[in-house]
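S.K.: Sequence:
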Amino acid sequence: VIGLPPAPDEVAAFVAAAKANRQSAIESLVDRLLASPRFGERWGRHWLDSVRYADSNGRDRNVVFYHAWRYRDYVLDSFQRDKPYDQFIREQIAGDLLPAKDAAHRDELRIATGFLALGPKAFEEQKPEIFRMDVIDEQIDVISRSMLGLTVSCARCHDHKFDPIPTADYYALAGILRSTQPLYGWGTRGIKATAFHHTEWQAVGSEAETLAPAAQEYYKKLQAETLALFTARSDRYRVVRNISGAKLDIKKPDADQEKLTADIARMEAEVKDWDIRVKAMEKAWEELKDTAPPQPGWAMAAREREKMENARIHIRGETTNLGPEVPRGVLQAIAIEGVPVPAEGQSGRLPLAHWLSHRDNPLTARVYVNRVWQKLFGRAIVATPDDFGVNGEKPTHPELLDHLAIRFMENGWSIKTLIRELLLTRVYGLSTVAMATNLERDPDNVYLWRMPPRRLEAENLRDAILAVSGQLDLNPPEKPFLSRYHPQRDAELMSFKPFLTPADLVDHHRSVYLPVVRGTLPELFQLFDFASPDRPVAQRDESVVPAQALYLMNNPWVMGQAKHTALRLMAVADRTESQRVAELFQLAFARSPNTMEAARAEAFLAGADELLPDPKSNDAPEPEAMREARWTSLCQVIFASAEFSLLR
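The sequence shown begins at 1 in the numbering used here and counts up by one.
It is possible that some hints are incorrect.
What the hints assert, rightly or not - Cut-off 27 Å, straight-line C-alpha distance, at most; resulting in silico cross-link-like pairs (BS3-like, lysine-lysine):
(1) 289 - 307
(2) 221 - 127
(3) 192 - 161
(4) 192 - 279
(5) 375 - 192
(6) 497 - 283
(7) 221 - 247
These are calculated hints, taken from the structure and not from any lab test.
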């Protein structure tokens with residue numbers, strides 16, 4: 001529910017309450033967890049998986065999305081406040097077109113549309129129309145997968161081979177998005193051929209209107225000076241290459257020595273002149289990067305284009321092979337009475353948002369209920385959460401899915417109410433113990449005769465280690481992680497000169513606040529199946545590979561957290577070693593050690609093993625240092641254990 005291990009005092013309080021009234025204790029616990037500030041951080045992360053959230057572009061030019069965090073925080077806050085899911089959808093598709101109560105609410109609605117701007121983009125693409133249609137295709141893919149459980153983007157080149165989605169419907173949606181301007185900011189600076197990739201950001205905050213104009217002009221000037229400098233460097237290099245060619249030519253027997261000598265002298269003088277100019281331009285460029293005017297708050301967002309336009313069918317997906325024009329609209333297979341068609345002068349995003357969130361849309365509620373079920377029970381009712389089409393799996397319990405979807409809508413699309421109902425079911429409280437007869441009849445646990453054991457997700461494993469070591473800071477960070485870097489100097493991650501590496505992604509806040517940098521994920525995230533930020537992910541992989549165990553055994557960060565845990569346990573003086581062992585098991589496993597575990601741990605701490613240096617040898621460490629080393633090793637063993645990595 002919140003993605004963190006329970007504290008020992010919380011476990012003790014629950015056990016005591018359960019002895020008096022088990023059902024009441026469970027209900028109180030569920031209500032407390034749903035109200036916890038940690039809930040939004042846990043369940044908002046699930047949504048970020050399905051909408052390919054990231055803090056950089058990735059792909060060919062890894063431009064840093066310094067302002068993506070506002071969308072992330074909007075998502076976390078929406079889940080924490082239990083914003084109705086239908087409203088949540090509408091805001092992300094057309095928040096800028098919805099009425100706002102005040103300026104702060106208007107900013108929130110604009111930030112919500114960052115959903116449409118966060119995708120990876122091919123900034124090296126030289127043809128504007130291909131770039132534009134690729135962005136639109138990515139938007140259609142994330143909308144259809146995350147909200148409808150359909151693979152609509154398959155209809156870009158031809159009618160969908162399996163589902164009732166003709167190419168015309170794809171381009172009806174494409175027309176809506178062609179009439180929408182995503183605001184993702186500046187692409188790769190200094191390249192003339194790709195200037196069409198640049199957009200503004202959305203200014204937010206109390207000073208947005210006063211500060212934004214000068215700030216936007218500054219970024220235009222920075223682009224112009226960057227382009228001028230890069231062009232000057234190229235022109236200088238061209239002369240240098242000509243000098244090299246002339247020096248080779250002058251050695252030839254039939255060379256015009258006099259002319260070539262004069263040419264070389266002239267070009268060398270030209271290079272010296274270029275050196276002076278380039279050096280001056282570089283100095284001005286460096287100064288400009290450090291003299292940005294006061295900035296408003298910026299956000300990635302979307303807005304209406306000045307010109308609305310329908311899309312023409314692209315035969316075989318080719319931008320140069322155009323067929324008939326298609327009116328802007330939604331999928332005809334899901335026609336809903338009462339949803340208006342896009343009006344003249346409007347993109348159609350508002351009707352699209354209402355169509356997606358309409359009670360009569362047969363997919364939206366079912367798709368989200370199915371996702372919640374999968375997160376809680378490990379297996380979705382429809383085992384392909386982002387594909388409800390013909391190629392997807394059939395639901396194992398179709399009547400249950402229908403019932404939950406109707407209940408979800410009747411309860412005001414409340415996500416917390418849905419989760420509460422599922423948490424309080426008998427099946428959620430089942431043991432993970434396997435029974436031989438049931439294993440034989442239903443080895444895949446399709447009918448949920450037990451709770452399937454599952455491993456902690458990557459960020460929850462990291463958070464759990466920090467929580468046990470006492471190093472976890474539960475307060476949201478005051479500033480976004482990437483604010484420690486220079487937005488003008490560090491605007492793009494270069495493979496040959498990185499300013500941010502996986503080793504730099506160190507922080508004591510919850511993992512959801514770490515930047516998700518495409519191509520530079522922390523090692524723990526890479527090893528433990530973090531959702532790829534390059535595409536919508538409905539269900540993460542769950543692998544068990546040797547590299548995961550080796551990481552927990554050898555990684556310096558894990559060792560450091562084990563040491564912090566050891567010092568935490570050793571800090572209280574009026575406890576015996578057996579009491580400290582019991583506390584370690586309570587912190588890590590929410591249970592007491594059994595007799596064998598306690599005996600082995602205490603024997604190790606007492607020095608019954610031969611793994612550490614002989615204390616009688618001349619180079620043996622001090623007894624207290626040896627005690628700390630033993631405690632650190634024991635804590636690391638706990639972190640590396642299978643039980644610690646299990647969802648519990």
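S.K.: Hinted pair, alpha-carbon criterion (27 Å max): residue 221, residue 127. Please report holds or violated.
M.R.: holds, 24 Å
S.K.: Next pair to validate is residue 192 with residue 279; report whether the Cα-Cα distance is within 27 Å.
M.R.: Cα-Cα ~21 Å, so holds.
S.K.: Has the given pair, residue 221 with residue 247, been kept, meaning a C-alpha gap of at most 27 Å?
M.R.: violated, 39 Å
S.K.: Verify the proposed pairing of residue 497 with residue 283, using a straight-line Cα cut of 27 Å.
M.R.: holds, 20 Å
S.K.: Assess, step by step, whether the Cα of residue 289 is no farther than 27 Å from the Cα of residue 307, and give holds or violated.
M.R.: Roughly 34 Å separates the two Cα atoms, so the pair is violated.
S.K.: Please work out if residue 375 and residue 192 have their alpha carbons no farther apart than 27 Å.
M.R.: violated, 46 Å
S.K.: Under the criterion that the straight-line Cα-Cα distance not exceed 27 Å, is the pair residue 192, residue 161 satisfied?
M.R.: Judged against 27 Å, a Cα distance of about 40 Å means the pair is violated.
The structure shown violates the earlier hints numbered 1, 3, 5 and 7.
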